[in-house]
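All chains should be built: construct the whole structure from the sequences, respecting the hints.
Just so you know, we're using our numbering here: the sequence shown kicks off at 105 and counts up by one.
Possibly wrong hints are sitting among the right ones.
[As the list claims (entries may be wrong)] Derived CB-CB ranges, DEER-like:
| # | residue 1 | residue 2 | range |
| --- | --- | --- | --- |
| 1 | 245 | 349 | 18 to 24 Å |
| 2 | 202 | 251 | 44 to 50 Å |
| 3 | 140 | 333 | 42 to 48 Å |
| 4 | 217 | 348 | 36 to 42 Å |
| 5 | 248 | 152 | 34 to 40 Å |
| 6 | 209 | 160 | 29 to 35 Å |
| 7 | 146 | 326 | 31 to 37 Å |
| 8 | 231 | 358 | 19 to 25 Å |
| 9 | 326 | 263 | 28 to 34 Å |
| 10 | 138 | 241 | 26 to 32 Å |
| 11 | 375 | 194 | 30 to 36 Å |
| 12 | 251 | 352 | 22 to 28 Å |
| 13 | 354 | 205 | 45 to 51 Å |
| 14 | 209 | 135 | 21 to 27 Å |
Read the hints as simulated data drawn from the structure, not as lab findings.
Just so you know, even glycine gets a beta-carbon here, dropped at the ideal spot from N, CA and C.
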Amino acid sequence: MTDATRESESYYHLHLVSDSTGETLISVGRAAAAQYSSVRPIEHVYPLVRTHKQLDKAIQAIEEFPGIVLYTLTDPELRNRLKTYCQTNSVPVLSVLAPVVRLFQAYIGGAPEPRVGGQHQLDGEYFRRIDAMNYTVMHDDGQHTDGLEGADVVLLGISRSSKTPTSIYLANRGIKTANIPLVPNIPVPPGLSDLKRPLVVGLVASAERVIEIRRNRLLGLNASQPNDAYIDRESVAEEISFSRRLCARHGWPVIDVTRRSIEETAAAIIGLLQEHRRRISESTGG
105 MTDATRESES YYHLHLVSDS TGETLISVGR AAAAQYSSVR PIEHVYPLVR
155 THKQLDKAIQ AIEEFPGIVL YTLTDPELRN RLKTYCQTNS VPVLSVLAPV
205 VRLFQAYIGG APEPRVGGQH QLDGEYFRRI DAMNYTVMHD DGQHTDGLEG
255 ADVVLLGISR SSKTPTSIYL ANRGIKTANI PLVPNIPVPP GLSDLKRPLV
305 VGLVASAERV IEIRRNRLLG LNASQPNDAY IDRESVAEEI SFSRRLCARH
355 GWPVIDVTRR SIEETAAAII GLLQEHRRRI SESTGG
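Put into structure tokens, the structure is as follows:
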């Protein structure tokens, strides 16, 4: 394919072949695809490919829709078969984990022990994530505020400031997260300012962004008579100012999520949490 041909196309096919869930391939593929804004990938995801019959379906699709092929296959027969097919038919193909594993092997020494879905074992880390998810669901949107000391993170924010999706994302990383809605003239839960263990973080966004999300929310609910104050710019701006003043008064960090993805917001919170835990450890001599 020539450069001129590539530039004239608005899309391309991206085949992701995995013997596990495919999460690793999806993340890597999307991260790479995001570097090319002028063309978009059409994803074909083939998870749990562990037999030749399952691989047949992937190869058939690759033949019908040629494009880039990324794979993570532990079985050498399946891996070699896919690689040989692609090379024979001039289809670009890459094992996503192979270069990384070689780097680890060069540093650690010894041969790796291939395990299908090795990162998805039912170990202590897995059950820690499940526990965090259960806690987060139980403490969503201001529920069960008497148990906030058991949280790792407490998120504060007005309606439609991404509290719940950020909480769920953090929970999937094993971080117990509660979130509390902020409403002007309504007091926050008692004892919130006395929390020692959890990191308390305020989430804010621009008034325009909040109004846009709220309007879409109302449309999704088929609201015939929307609450004017809910999407009134002056009212929303006051809600945001209230959030900032509250957090400033208590020394809680604030993250502006206007131009952040959920993942970026969560990454910023995780960085704050690590620093928060370090300070606690130093103060207690731990």
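Evaluated hints:
1. 245 <-> 349: 18 to 24 Å: holds (22 Å)
2. 202 <-> 251: 44 to 50 Å: Holds, at about 46 Å.
3. 140 <-> 333: 42 to 48 Å: The hinted range 42 to 48 Å holds for residue 140 and residue 333, with Cβ atoms some 43 Å apart.
4. 217 <-> 348: 36 to 42 Å: violated (52 Å)
5. 248 <-> 152: 34 to 40 Å: holds (37 Å)
6. 209 <-> 160: 29 to 35 Å: holds (31 Å)
7. 146 <-> 326: 31 to 37 Å: holds (32 Å)
8. 231 <-> 358: 19 to 25 Å: Once the Cβ atoms are compared, 33 Å apart, the range 19 to 25 Å for residue 358 and residue 231 is violated.
9. 326 <-> 263: 28 to 34 Å: The hint (28 to 34 Å, Cβ to Cβ) is violated, given that residue 326 and residue 263 are roughly 18 Å apart.
10. 138 <-> 241: 26 to 32 Å: holds (30 Å)
11. 375 <-> 194: 30 to 36 Å: violated (44 Å)
12. 251 <-> 352: 22 to 28 Å: Taking Cβ atoms as reference, residue 251 and residue 352 lie about 26 Å apart, which means the hint holds.
13. 354 <-> 205: 45 to 51 Å: The hint (45 to 51 Å, Cβ to Cβ) holds, given that residue 354 and residue 205 are roughly 47 Å apart.
14. 209 <-> 135: 21 to 27 Å: The hint (21 to 27 Å, Cβ to Cβ) holds, given that residue 209 and residue 135 are roughly 24 Å apart.
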